Amino acid sequence: MKHLLSMKDLQKTDIQTILNRALEFQQLASADLTKQYTVANLFFEPSTRTKMSFEMAERKLGLNVLSFEAGTSSTLKGETLYDTVKTLEAIGVDAVVIRHEQDGFYEELLAGVNVAIINGGDGSGQHPTQCLLDLYTIQQEFGKFEGLQIAIVGDIAHSRVAKSNAEALTRLGAHVTFLCPPEWQGDYEAVNTWDDLLPTADVIMLLRVQHERHDSTTHFTKESYHETYGLTKQRYEELKPTAIIMHPAPVNRDVEISDELVESEKSRIFKQMHNGVFVRMAILESVLKGRS
Amino acid sequence: MKHLLSMKDLQKTDIQTILNRALEFQQLASADLTKQYTVANLFFEPSTRTKMSFEMAERKLGLNVLSFEAGTSSTLKGETLYDTVKTLEAIGVDAVVIRHEQDGFYEELLAGVNVAIINGGDGSGQHPTQCLLDLYTIQQEFGKFEGLQIAIVGDIAHSRVAKSNAEALTRLGAHVTFLCPPEWQGDYEAVNTWDDLLPTADVIMLLRVQHERHDSTTHFTKESYHETYGLTKQRYEELKPTAIIMHPAPVNRDVEISDELVESEKSRIFKQMHNGVFVRMAILESVLKGRS
Amino acid sequence: MKHLLSMKDLQKTDIQTILNRALEFQQLASADLTKQYTVANLFFEPSTRTKMSFEMAERKLGLNVLSFEAGTSSTLKGETLYDTVKTLEAIGVDAVVIRHEQDGFYEELLAGVNVAIINGGDGSGQHPTQCLLDLYTIQQEFGKFEGLQIAIVGDIAHSRVAKSNAEALTRLGAHVTFLCPPEWQGDYEAVNTWDDLLPTADVIMLLRVQHERHDSTTHFTKESYHETYGLTKQRYEELKPTAIIMHPAPVNRDVEISDELVESEKSRIFKQMHNGVFVRMAILESVLKGRS
Numbered sequence: 023m024k025h026l027l028s029m030k031d032l033q034k035t036d037i038q039t040i041l042n043r044a045l046e047f048q049q050l051a052s053a054d055l056t057k058q059y060t061v062a063n064l065f066f067e068p069s070t071r072t073k074m075s076f077e078m079a080e081r082k083l084g085l086n087v088l089s090f091e092a093g094t095s096s097t098l099k100g101e102t103l104y105d106t107v108k109t110l111e112a113i114g115v116d117a118v119v120i121r122h123e124q125d126g127f128y129e130e131l132l133a134g135v136n137v138a139i140i141n142g143g144d145g146s147g148q149h150p151t152q153c154l155l156d157l158y159t160i161q162q163e164f165g166k167f168e169g170l171q172i173a174i175v176g177d178i179a180h181s182r183v184a185k186s187n188a189e190a191l192t193r194l195g196a197h198v199t200f201l202c203p204p205e206w207q208g209d210y211e212a213v214n215t216w217d218d219l220l221p222t223a224d225v226i227m228l229l230r231v232q233h234e235r236h237d238s239t240t241h242f243t244k245e246s247y248h249e250t251y252g253l254t255k256q257r258y259e260e261l262k263p264t265a266i267i268m269h270p271a272p273v274n275r276d277v278e279i280s281d282e283l284v285e286s287e288k289s290r291i292f293k294q295m296h297n298g299v300f301v302r303m304a305i306l307e308s309v310l311k312g313r314s
Numbered sequence: 023m024k025h026l027l028s029m030k031d032l033q034k035t036d037i038q039t040i041l042n043r044a045l046e047f048q049q050l051a052s053a054d055l056t057k058q059y060t061v062a063n064l065f066f067e068p069s070t071r072t073k074m075s076f077e078m079a080e081r082k083l084g085l086n087v088l089s090f091e092a093g094t095s096s097t098l099k100g101e102t103l104y105d106t107v108k109t110l111e112a113i114g115v116d117a118v119v120i121r122h123e124q125d126g127f128y129e130e131l132l133a134g135v136n137v138a139i140i141n142g143g144d145g146s147g148q149h150p151t152q153c154l155l156d157l158y159t160i161q162q163e164f165g166k167f168e169g170l171q172i173a174i175v176g177d178i179a180h181s182r183v184a185k186s187n188a189e190a191l192t193r194l195g196a197h198v199t200f201l202c203p204p205e206w207q208g209d210y211e212a213v214n215t216w217d218d219l220l221p222t223a224d225v226i227m228l229l230r231v232q233h234e235r236h237d238s239t240t241h242f243t244k245e246s247y248h249e250t251y252g253l254t255k256q257r258y259e260e261l262k263p264t265a266i267i268m269h270p271a272p273v274n275r276d277v278e279i280s281d282e283l284v285e286s287e288k289s290r291i292f293k294q295m296h297n298g299v300f301v302r303m304a305i306l307e308s309v310l311k312g313r314s
Numbered sequence: 023m024k025h026l027l028s029m030k031d032l033q034k035t036d037i038q039t040i041l042n043r044a045l046e047f048q049q050l051a052s053a054d055l056t057k058q059y060t061v062a063n064l065f066f067e068p069s070t071r072t073k074m075s076f077e078m079a080e081r082k083l084g085l086n087v088l089s090f091e092a093g094t095s096s097t098l099k100g101e102t103l104y105d106t107v108k109t110l111e112a113i114g115v116d117a118v119v120i121r122h123e124q125d126g127f128y129e130e131l132l133a134g135v136n137v138a139i140i141n142g143g144d145g146s147g148q149h150p151t152q153c154l155l156d157l158y159t160i161q162q163e164f165g166k167f168e169g170l171q172i173a174i175v176g177d178i179a180h181s182r183v184a185k186s187n188a189e190a191l192t193r194l195g196a197h198v199t200f201l202c203p204p205e206w207q208g209d210y211e212a213v214n215t216w217d218d219l220l221p222t223a224d225v226i227m228l229l230r231v232q233h234e235r236h237d238s239t240t241h242f243t244k245e246s247y248h249e250t251y252g253l254t255k256q257r258y259e260e261l262k263p264t265a266i267i268m269h270p271a272p273v274n275r276d277v278e279i280s281d282e283l284v285e286s287e288k289s290r291i292f293k294q295m296h297n298g299v300f301v302r303m304a305i306l307e308s309v310l311k312g313r314s
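Chains as they are written, first to last, in my numbering: chain E, 23 to 314; chain H, 23 to 314; chain Y, 23 to 314.
These are calculated hints, taken from the structure and not from any lab test.
Keep in mind it's a predicted model, so treat the numbers as computed, not measured.
Fair warning: there could be bad hints in the mix.
[To be verified] Partial list, computed: chain Y residues near chain H (C-beta under 7 Å):
(1) S95
(2) K99
(3) T106
(4) T192
No residue lacks a Cβ here, since even glycine has one placed at the ideal position from N, Cα and C.
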């Protein structure tokens with residue numbers, strides 16, 4: 023694998039290769055890398071989980087990690103992303119992880135740069151490493167994707183997680199259903215109420231209400247969103263015994279999910295984060311091996 | 023030791039154990055840790071000394087240090103401290119060092135998180151690692167605490183250093199006296215003038231005037247504070263030959279202490295910082311060993 | 023070498039020693055250091071290239087790198103640069119790389135501090151490590167300095183690169199010519215047009231238009247600057263076959279240089295960045311060895 027930009031670039035066998043390697047890393051396999059590689063994490067949007075998870079994965083692989091800080095870089099002097107990445111390439115960086123507010127930021131990089139690019143989230147586009155860790159978590163739980171009922175709930179139109187996951191899960195044989203406010207539906211077809219989902223769902227994937235991407239026209243209060251689209255204690259009780267709850271986090275407690283359910287028995291929210299490190303180790307190893 | 027939150031949690035023997043181990047580290051002892059631990063330093067308030075000192079201690083212990091930056095983290099998206107720490111726990115962090123503007127920030131963490139917490143300063147609460155490095159510095163100088171005359175001078179009410187130190191030193195047998203402007207006296211009993219301290223003090227602990235925690239009602243100018251409560255050259259001359267001067271820094275030169283005295287013969291201000299690394303090594307090693 | 027503050031401090035033989043050692047590092051030589059040294063990079067102005075290049079050099083030398091962040095340090099509480107550097111010294115830092123907006127920031131440090139100081143750019147003063155990597159790049163290309171025709175084009179008055187380079191190159195036997203808008207000429211004598219340079223120049227050193235250091239009185243538009251002082255495709259065609267183009271970057275594309283020329287055959291812009299790592303390894307090793 024040369025880059026990881028979008029789930030669309032991955033064949034089913036590519037996905038399975040990554041998930042298998044992640045499992046080996048979870049079982050304490052060592053990195054299969056023959057030289058000292060250097061990576062830089064370029065986060066132009068706030069992040070705790072993804073950034074820290076990548077950094078942990080990089081350290082576990084024994085990589086050299088440069089501490090790029092967007093807020094004190096020459097992007098303040100107007101330097102383009104292309105020139106920033108070319109600079110890092112020139113000083114010897116092998117791979118960059120980039121989170122950027124622009125959809126498809128990587129398009130302008132592909133022709134000219136010679137470093138491996140991992141998409142850490144592009145605007146309202148894709149978030150393939152989150153998708154892969156979600157797949158890993160589902161496979162860990164159910165041992166398969168074929169025939170699973172997956173419900174994705176929330177702000178589908180703005181969510182890069184929803185897009186990546188819906189596409190990949192469908193391709194892997196799962197059946198994906200959406201529930202969302204009409205104005206956040208985008209091009210997706212959605213069901214109307216939780217009642218259409220609760221009896222059959224194997225996985226409830228909650229999406230974060232992204233206050234920072236919405237304008238003031240949204241007509242929800244926290245309370246009204248929670249009442250209509252949030253996972254309440256009552257809805258939780260109606261889930262199948264084997265169902266699990268996922269959320270890419272950060273969670274808005276008592277909005278997407280009742281505060282008391284975040285660490286409930288069916289919740290895999292912190293498990294997802296835990297799994298993310300192994301999945302990112304597999305991705306980093308793959309793109310670095312793709313360079314030699 | 024599971025966490026280090028407040029000096030109140032430490033018995034006299036706990037304190038002595040830490041000071042002894044710090045001395046061993048100063049004498050080039052190696053860390054007694056059997057696995058690769060990871061720590062993250064979460065500083066939600068500005069810091070040079072404490073943050074850099076912890077990072078140096080962590081590197082000297084051979085720990086893996088994640089570069090968490092509060093200003094570019096998901097706390098900007100409203101993520102709570104609890105969820106941030108749970109996230110770090112999920113990705114494999116063993117210990118967190120936290121500085122936070124809220125008094126007792128750690129209370130909400132204790133029930134739910136499974137990482138070791140070291141308090142790097144909580145609001146106007148405690149600053150136990152500063153206290154322990156102050157104790158180390160005093161013991162290095164005098165070989166004991168019993169019977170020492172300690173004068174704490176300045177903004178006692180707002181100072182987490184004052185609180186931690188006064189409590190611990192009294193418990194260790196020292197006699198602590200305070201000198202401060204009446205409005206910064208808090209619940210402490212204070213003497214009126216330097217003349218009450220100068221002839222007998224073994225240790226002068228100056229506190230930083232914390233401009234960032236005061237409102238505009240303070241009636242001091244820099245000059246008037248220095249004249250009344252600052253350590254001037256004249257007062258310095260009246261100190262006992264064996265007396266030493268301490269300050270947690272950053273120093274407001276010519277406010278708490280005359281510029282020319284910061285690096286004077288009796289000053290231990292930079293010595294304190296030097297000692298801090300060994301004391302923090304001892305603390306980190308202790309909480310990490312407390313996890314296995 | 024104890025510090026690296028200004029090119030003026032370096033004899034011709036000192037320069038050649040650094041360039042030779044940089045070549046050895048490019049040819050994969052190992053660091054000749056006998057203990058574990060610690061460095062901190064203090065960048066009080068935005069930087070990608072210089073900061074990342076130093077960090078890469080430090081890692082390649084096997085140094086311990088502390089992640090000082092000016093924006094979250096105690097300089098926010100008014101701590102002076104002197105006290106910040108003394109603090110780092112106290113906790114065990116051996117060398118600091120400093121970029122600071124104040125010309126000659128290092129003057130106030132020299133008397134009191136005992137760490138090695140490397141000037142990473144001081145206001146409109148000097149930028150000696152950029153100068154040395156430029157010299158390395160020129161020597162790599164031409165094998166000599168004697169008799170070379172060097173044209174420095176752009177904002178000479180505000181450029182720390184121009185000052186360092188003009189002085190050093192002249193001393194090494196090159197002939198330096200300037201081309202610039204009259205208001206940015208400073209104390210230098212300049213030619214009038216590109217036509218005076220194009221037929222003879224071996225090296226075109228373009229300088230960045232530093233929008234952040236100019237007030238609103240500058241009468242150029244991007245287009246008019248490019249037309250009169252920029253390297254256009256037409257001017258490029260008139261260069262000698264062996265001529266090379268240099269720029270300290272970040273480049274303002276289509277201002278100092280036509281966008282399409284940044285990665286042209288004669289451009290050494292990214293080569294300069296690549297070389298910078300080896301030159302900085304040589305400098306760091308030299309000042310660290312100067313401490314024992």
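Against the structure, the hints:
no.: 1; hint: S95; verdict: 4 Å, holds
no.: 2; hint: K99; verdict: 6 Å, holds
no.: 3; hint: T106; verdict: 6 Å, holds
no.: 4; hint: T192; verdict: 40 Å, violated
In terms of the numbered hints stated before, the structure departs from hint 4 and from no other.
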